[in-house]
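Student: First to last, the sequence lines map onto chains A and B.
Take 1 as the starting number for the first sequence in the working numbering and just add one per residue.
Take 1001 as the starting number for the second sequence in the working numbering and just add one per residue.
In case anyone wonders, no lab produced these hints; they're calculated from the structure.
No false leads were mixed into what you were given.
If you only want the chain A side, here are some residues facing chain B, beta carbon under 7 Å, derived:
no.	residue
1	F100
2	S123
3	T215
4	A230
Chain A regions said to be covered by chain B (calculated; three or more residues, Cβ under 8 Å):
no.	stretch
5	24-31
6	85-92
7	144-151
8	203-210
9	259-265
This structure is a prediction, so every number in the text was calculated from the model and none was measured.
Beta carbons are placed, not taken as given, at the ideal position from N, Cα and C, and that holds for glycine.
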Amino acid sequence: MGGARRIVGRAFFYLLVAAIVVYTVFPFYWAIVSSLKEGSALYRVEALPPDPAWGNYAAIFAQQNFGRNILNSVIVAASVVAISLFLSVTAAYALGRIEFRGRKLMLLTILSVSMFPQVAVLSGMFELVSWLGLYDTLGSLVLSYLILTLPFTTWVLTTFVRELPKELEEAALVDGAKPFTIIRKVFLPIMWPALATTGLLAFITAWNEFMFAITFTLSNAKRTVPVAIALISGASRFELPWGRVMAASVIVTVPLVVLVLIFQRRIVSGLTAGAVKG
Amino acid sequence: MEAVRDRSELLGAAAAAEASQLTRQRRRWAWIFVLPMLAVLAAVAGWPLVRTIYFAFTDAHLADMQDWAVVGLENFRLLAADADWWTSVLNTVRFTVLSVAIETVLGTIIALTLNAHLPGRGLLRAAVLIPWAIPTVVSAQMWNWMYNDLYGVLNHVFLALGLVEGPLAWTANPDLALTAVVLVDVWKTTPFMTLLILAALQMVPAEIYEAAKVDGVHPLKVFWRITLPLIRPGLMVAIIFRTLDALRIFDLPFILTGNSRATSTMAIYARQQLVEFQDVGYGSAASTFLFVIIGIFTIAYITLGRVRLGAGEA
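Take the sequences, apply the hints, and build the full model.
Tutor: In structure tokens:
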């Protein structure tokens, strides 16, 4: 009796696991399959493309200048990550290690800014961007994405720095080391894993952003990947460009999936530090 | 004796003076370290926010942002009288309640599964992270293709299983469009919810489960009576966090259904007024309204979440 019930329970359990995996992975699988179909094959529902074709992949690079879009996204995301990490390392040390007046208020402000709806700063940011002459340049995106990444990197790195043992800097303090030396010699060497995780999450945020990108850029030469994918059009009004849309989606997703698989443990701890542990 | 005590007191005072000087020095450095970050944050977040709120009280136009007049509460009055705006508010609320509720239930189930010891847990965790890592635009387009009324795989499967009589226009049918958006959001964001709940679950000591097992308590009862109360604080924080995210949703409905009134959210409405109709004043009023709502939830998050701000305490 008990044995049979346990077997049924187990079977139900694994069925649930299987359902979860299918639900999460199927759309991605379907995107890959569709990206390899051309012409009328795209409109037939088949589990595997009968004769895989790479035409969609060639077309987005030849006709949509997708390479340029990828380059734009890489430039923007890398600059945003570099600036955010640079500014937040010293700030995180101060916020996590030194008791000073206004520190709590500062942390609350940083947390609140990370909750801002993007649209709440849209008109002010538009004015700032045009005033700086950055409209329709990648600079407008680097500038505006700092709202999304800077509070996050500062917050997560502060959490990380705070968790480190007190003894770490005591010896250096006794030796009369200057705070800047302490950061460089004591903290930076052990912060690399945290910097890598935080940087990766900030990179993904910048890489995926859409609202600022579609508002502050106009020409295809300045578009980032998400905007390009949202605006891919067919050769004619009657041809559905889904094959190409799927090809572009697969191209930008594969590197992200590889990064996720490599860093999954770190991503999990970084994400939860940013949200719950605080 | 006197002299000795005096001396040690003197030494102590000197050390204290030195220590407080060091503390003061460190505080000065703290400001120097924080200042660049604060300056950038003020420039990219504080200033644009102040300007947006200010624009909400003007008749500014996108074509010429130098020339405007203060019109007081006129924009807010118009906003309150606009049926389309209230449709967007209602859509946002319905979307938020539906998606966050489904994500919480589903996230809890998946987190409990992941928390159980089973082979291939790492693989499952990776599978769960994939939808999270994909750009929203990409997931929206992937689903858009699956939703396609003529060639979409969903209609094909549903027809083959006999669940529907004819193909459904998932994104074009006003009655279905919001559900379609919710389905994609659930697919995309449940992983995040799962991770937060999993983090809470892993803090529940294993001995509690063992004791319940020894006493022969039914697993469902264990969940309701033991697990749920213990993970409630973490769960609440996760729910508020997701609610904040859902309230400002923009890209998912924008890609799936464009500016369609059936799925227009507060953020979509505000941006449409601002960018497409070039009415900066009116759009800013809508943005400010959304900002205030999010502000209320943020305060709830910070107070309920008992966010730790102390430097020293563990």
